[in-house]
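Participant: Residue numbers (the numbering used here), protein chains in the order written: chain A, 1 to 649; chain B, 1 to 140.
Treat each hint with caution, since some may be false.
Distance ranges between label pairs, derived from CB positions [as the list claims (entries may be wrong)]:
(1) B:Lys114 to A:Lys481: 47 to 55 Å
(2) B:Gly71 to A:Glu110: 36 to 44 Å
(3) B:Lys114 to A:Thr198: 49 to 57 Å
(4) B:Val27 to A:Asn604: 44 to 52 Å
(5) A:Asn309 to B:Asp72: 56 to 64 Å
(6) B:Gly71 to A:Arg129: 27 to 35 Å
(7) B:Glu126 to A:Gln219: 53 to 61 Å
(8) B:Asp72 to A:Pro292: 48 to 56 Å
FYI, nobody ran anything at the bench for these hints, they're computed from the structure.
In this text, a Cβ means the ideal position worked out from N, Cα and C, and glycines have one as well.
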Amino acid sequence: MKKRTGVFVCHCGINIAGTVDVKKVTEELSKHPGVVHSEDYIYMCSDPGQNLIIDAIKEKNLDKVVVACCSPTLHETTFRNTIKSAGLNTFQCEIANIREQCSWVHKDMEKATEKAIKISKSTVERVLRNESLDPISIPVTRRALVIGGGIAGIQSALDLANSDFEVVLVERSPSIGGHMIQLSETFPTLDCSQCILTPKMVEVSKHPNIKLMTFSEVQEISGYIGNFKVKILKKPTYVDPDKCTLCDECTKVCPVVVPNEFDLGLTGRRAIYIPFPQAIPATYILDINSCPGLLPIACGKCADVCEPNAIDFDMKPEIIEEEVGAIIVASGYDQYDKELMAEYGYGKYPDVLDGLQFERLLSASGPTMGKILRPSDHKEPKEVVFIQCVGSRDPELHCEYCSKICCMYTAKHAMLYKHHVHDGQAYVFYIDIRSGGKGYEEFVQRAVEEDGVLYLRGKVSKVFEDKEKLKVWGIDTLIGKDIEIDADMVVLAMATRPSNGAEELARKLKIALDKDGFLAEAHPKLRPVESVTSGMFLAGAAQAPKDIPEAVAQASGAAAKAISILCQERLYHAPTVANVNINLCTGCGMCVDVCPYDALSLKNGKAEVNEVLCEGCGTCSATCLRAAIQVKNITPLQVHEMINACLGG
Amino acid sequence: MTDEFEPRIVAFLCKWCSSAGSDLAGVSRMEYPSNVLPITVMCSGSVSPLYIFSAFNKGADGVLVSGCHPGDCHYLKGNYYARRRIALVKKLLEFIGLEPQRFQMSWVSAAEGKKYTQVIKDFVKEIKPLGPQTKLRRNQ
Ligand SMILES: Cc1cc2nc3c(=O)[nH]c(=O)nc-3n(C[C@H](O)[C@H](O)[C@H](O)COP(=O)(O)OP(=O)(O)OC[C@H]3O[C@@H](n4cnc5c(N)ncnc54)[C@H](O)[C@@H]3O)c2cc1C
Ligand code: SF4
Ligand code: SF4
Ligand code: FES
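Take the sequences, apply the hints, and build the full model.
Facilitator: What follows is the structure in structure tokens.
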């Protein structure tokens, strides 16, 4: 059948017509093979302009349309819908950009007109060979996976569950709660962290739409937006949570003591233990790494005293498979490694603590029941030095970025210390104070004015032990003097870094990391909660250092984004995907290796495209030596004909 | 004044960065020579060596491939493949005896309208003195 193309040249007022002789373009195009109609109009995108196209399609029986106008990023959709309403497939319309790429960048009318003609002809050559395509429709599995059970993951899971979607919440440690559950009181309002978090944790555990999997890790993910398949490894806890009554008999007989992770080593725990009293799920677990052996001959004392027979030495790891339509990653943060901070004596002197250890000391449920006492001799410290930016903003040796939360929590620490030890003195070494946030600046001022915290601008060069004191050598850059403080305790605001294993998790999910190892968002301004992979979203400190309000806001944003997928019956995907000519394909597999989306595989010795995964980038087609794989509607033949037209045929 | 030689340049622009960058040059009304004929492709990684040869065969005096900056490709890594492929094509063209200035690659982001303008200006300036490309041109 003969192709019947219509070409519509827009003046765009004088935006195009001022530099391009639109009449001449129209006339030249009318002579081009395959073109049966061409006309110009002052504003093609206006209603009368669009009607002109519709009428021409009907009267002249057009089957292809080129609109020579502005950039396709502006009106491609408009004109595709126009031709659709005249009964043509949307892919039978292409845009020739003769404004941004021609009339607006040239002054010489003759040259600009010549170029506009070439651009329009090359677009005709393309549309002549366009296939009619329909969007690829995919069903949606209307459940979500949330990875990480800190405040961010908890918030996302609750938002989804309360919108009536099922959620699988995977947390790798034995309880949900993340770092927030370790905190004492939270800036800027000083409400008790556990008191505001535990109600949400309980809601998670009781919610009919949430399937909570603690002590579990995502092992493998396959599939695509709307239809992910997830393999989750459920590690054995050796205690049946349904039988455990939390009687605490087992810990009384367990002979093993190891450092307690929850208190960051400030206390010990047994090999069988509950992470903290409000843990969710509420159950003891047996730590296989510190237990002398699961065999009753090795020890087995705990099982002997467990009345409800909750302890099961034969528990095995399980792999659980789940299907979900959207994924939220909320894997959080960890503190910078202490080994790297030798100059401050961290890890060497017991009274040099990190921020989270100090939170535990402040906590009413902590190792000292909320009394501030030195770990070394249990005496109340009278002079405490807080050091900010430990490992942050130090591109030479440590992290280049600002950890964002430490200015605020240090002000909180110094303030709370003074609330506990009225006659004590708190010193803060800082580079500068960053207190952007609602009520944040006032909070810092309160520490200075009401609690007499002494802020010293400058860096600390060294901390060392000297006669039961910690000598702190620093410099106050405001007065240009060296400072020496005999401190009883030093608290380091360690840099925030991506949580352990973030890199491996990102690899499994095929999402990108930024230069600092945090999970990368799709666009730093406009798509801050989306990952680069469709259907996967980011929440909380996994994406960048964040405080609680920001983590919660992003978590709700991520949940809303996930809901925008899950609330649909089906999703639609652009049909301009790769297509294999199996007669030409030799099965060399080169395309399979280069596809950025793993959309290609070899089946019976030939390449096969997973149309749902394919994004139509065309990398495969440029790689294939036999031209056996091509992206629909931008095939090599089309490009060759476009080149031809550009160079004057 | 005699008619000056006007080179014909085919520019393969990736849709997401360089084509958008050239649009921005337009929106900002930055002027550049009209010698360049843009062909928008999905990604610089989709530019097959055959496209480049095809353009030279058909009489192009210069060919430009322009994509997103390394690391910024919309399709994650298409421009890394482009970079490697284009280095090879460049060597091959030089081996055949084509002036190396006639074939270039550039990184132009969606925000770099000015850079796009500069790339085109420099390109045109560089190949004007070379005169028409005849090495690969097939008589049509
Ligand atoms: C000393 C200190 C004091 C602070 N004080 C305050 C304060 O007063 N006010 C305030 O607003 N903020 C404060 N913060 C910040 C606060 O801790 C964070 O904003 C908040 O914890 C971030 O929550 P999150 O859920 O993103 O990350 P996290 O709390 O780190 O939670 C992440 C969770 O994901 C889990 N996880 C990680 N990887 C995986 C994986 N691969 N699979 C499954 N699970 C995984 C982790 O086990 C963890 O439970 C403080 C921080 C510090 C260090
Ligand atoms: S938040 Fe403050 S203390 Fe923390 S790194 Fe940034 S500037 Fe330093
Ligand atoms: S077009 Fe791109 S995404 Fe699609 S199969 Fe080819 S390489 Fe993969
Ligand atoms: S999309 Fe621009 S180079 Fe790949």
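Participant: It remains to establish, for every hint, whether it holds in the given structure.
Facilitator: Outcome of the hint check:
The hinted range of 47 to 55 Å is satisfied by Lys114 (chain B) and Lys481 (chain A), whose Cβ atoms lie roughly 49 Å apart. A hinted range of 36 to 44 Å holds for the C-beta pair Gly71 (chain B) and Glu110 (chain A), which are about 41 Å apart. The supplied range of 49 to 57 Å is met by Lys114 (chain B) and Thr198 (chain A), whose beta-carbon atoms lie about 55 Å from each other. In this structure the hint that Val27 (chain B) and Asn604 (chain A) lie 44 to 52 Å apart at CB holds, the actual value being about 50 Å.
For Asn309 (chain A) and Asp72 (chain B), the Cβ-Cβ distance of about 59 Å falls inside the hinted range of 56 to 64 Å, so the restraint holds. One distance hint, 27 to 35 Å for the beta-carbon pair Gly71 (chain B) and Arg129 (chain A), holds here, with the actual separation near 34 Å. Look at Glu126 (chain B) against Gln219 (chain A): about 54 Å separates their beta carbons, and that is inside 53 to 61 Å. For Asp72 (chain B) and Pro292 (chain A), the hinted distance range of 48 to 56 Å is satisfied, since their beta carbons lie about 54 Å from each other.
The structure agrees with every numbered hint stated previously.
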